[in-house]
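> Make a model of the complete structure from these sequences and hints.
Here the protein sequences come in this chain order: F and Z.
Taking this note's numbering, the leading residue of the first sequence gets 70, the next gets one more, and so forth.
Taking this note's numbering, the leading residue of the second sequence gets 25, the next gets one more, and so forth.
Since the hints were made in silico from the structure, they are not lab data.
There could be a bad hint or two in this list.
As the list claims (entries may be wrong) - Where chain F lies over chain Z, by a calculated footprint (3+ residues, C-beta under 8 Å):
1. 68-81
2. 85-96
To be verified - Restraint ranges, calculated between C-beta atoms of paired labels, are given here:
3. Z/123 / F/146: 35 to 41 Å
4. F/126 / Z/91: 57 to 63 Å
5. Z/148 / F/94: 53 to 59 Å
6. Z/91 / F/213: 17 to 23 Å
7. F/72 / Z/142: 58 to 64 Å
8. F/153 / Z/48: 53 to 59 Å
9. F/213 / Z/64: 48 to 54 Å
10. Z/86 / F/227: 37 to 43 Å
11. F/72 / Z/36: 56 to 62 Å
Yeah, the Cβ is synthetic: ideal placement off N, Cα and C, and Gly gets one too.
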Amino acid sequence: MGVINVSSSDQEATVVISDKGTAYGAATSLTLLNLNDISLTNTQGTFRYQTLDSQSEAVVTTVATNSVALNLVIDTDQFFGDGANASPIVNKGLFGTSNDKTEVDFRIYFNGDTDVVGVTQKHIDGTGFITGLTPAVNPGSPLWVTPVTIEVNGELTEGTVDV
Amino acid sequence: MAYRSTILTQLQTDLASGNISVSTELPYTAGSDSLNIKNMKTLYLDQDNETITQAEQFLDNGSVDQKETTINAYLSVDAKNPPADLDTRLASIQNAKSSVSNVFVRECETTTEIESDILTYTFEYRFVTI
Numbered sequence: 070m071g072v073i074n075v076s077s078s079d080q081e082a083t084v085v086i087s088d089k090g091t092a093y094g095a096a097t098s099l100t101l102l103n104l105n106d107i108s109l110t111n112t113q114g115t116f117r118y119q120t121l122d123s124q125s126e127a128v129v130t131t132v133a134t135n136s137v138a139l140n141l142v143i144d145t146d147q148f149f150g151d152g153a154n155a156s157p158i159v160n161k162g163l164f165g166t167s168n169d170k171t172e173v174d175f176r177i178y179f180n181g182d183t184d185v186v187g188v189t190q191k192h193i194d195g196t197g198f199i200t201g202l203t204p205a206v207n208p209g210s211p212l213w214v215t216p217v218t219i220e221v222n223g224e225l226t227e228g229t230v231d232v
Numbered sequence: 025m026a027y028r029s030t031i032l033t034q035l036q037t038d039l040a041s042g043n044i045s046v047s048t049e050l051p052y053t054a055g056s057d058s059l060n061i062k063n064m065k066t067l068y069l070d071q072d073n074e075t076i077t078q079a080e081q082f083l084d085n086g087s088v089d090q091k092e093t094t095i096n097a098y099l100s101v102d103a104k105n106p107p108a109d110l111d112t113r114l115a116s117i118q119n120a121k122s123s124v125s126n127v128f129v130r131e132c133e134t135t136t137e138i139e140s141d142i143l144t145y146t147f148e149y150r151f152v153t154i
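See below:
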């Protein structure tokens, strides 16, 4: 039991996006750089109904809507791809993958992607589409920044870093 | 290069004629009076003051730093009998901020203070770079 503190250099919150079905291998993945923040949304759909024998509505859950939202400062290679890699996601980067509507696997490490002895390190995985890119810059803040949304296709699953 | 020398070079050009001049000396205090009080109608430019802060913080413990540089300049004139070209010279002093390049913020704030019959202008140049 305990809070998840990501301020330690070996327990950083990390997002990896990977070519679909490639098990997050280093050669087919991008570990996103310059992340400002990450938000994971797991919203259950609900259906409310009323009955004559109750003064309050009842509710049942329906299907969930899942998504990941994050903000980052753009790294050229990661945003536009290196243009010369066998891995589609490394080749095309975030923009090309979004523009091509290519489905990707993603993994969010809550506190580090390398096993730290004595620390429980969880991750959540899923598959989805990159969307919501809105690169912006202005004279008072002269670095390109963009939000990124991953619209999740299907279930989220949880796992634990090497135990 | 320190921004002081860039601004100083610009001010030496802009104030080459007229009733206001610029000194290469720092605005130190000689005796009981600061130099700008002792030598009125002469502008004194202080040293660069630098502050480094984090413009962006990342979850991987990285950051993008920005450097803010401020430089103060001081000018005193006779409040009862200011130079005829004072407004023109004040504009030149403020516009000297434009001589600094490769920064994304360049500002000059002017404040005034009257003590006895001496009107003192304080100019704060501010520059920010990534």
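> Honestly, which of those hints from before does the structure not fit?
10
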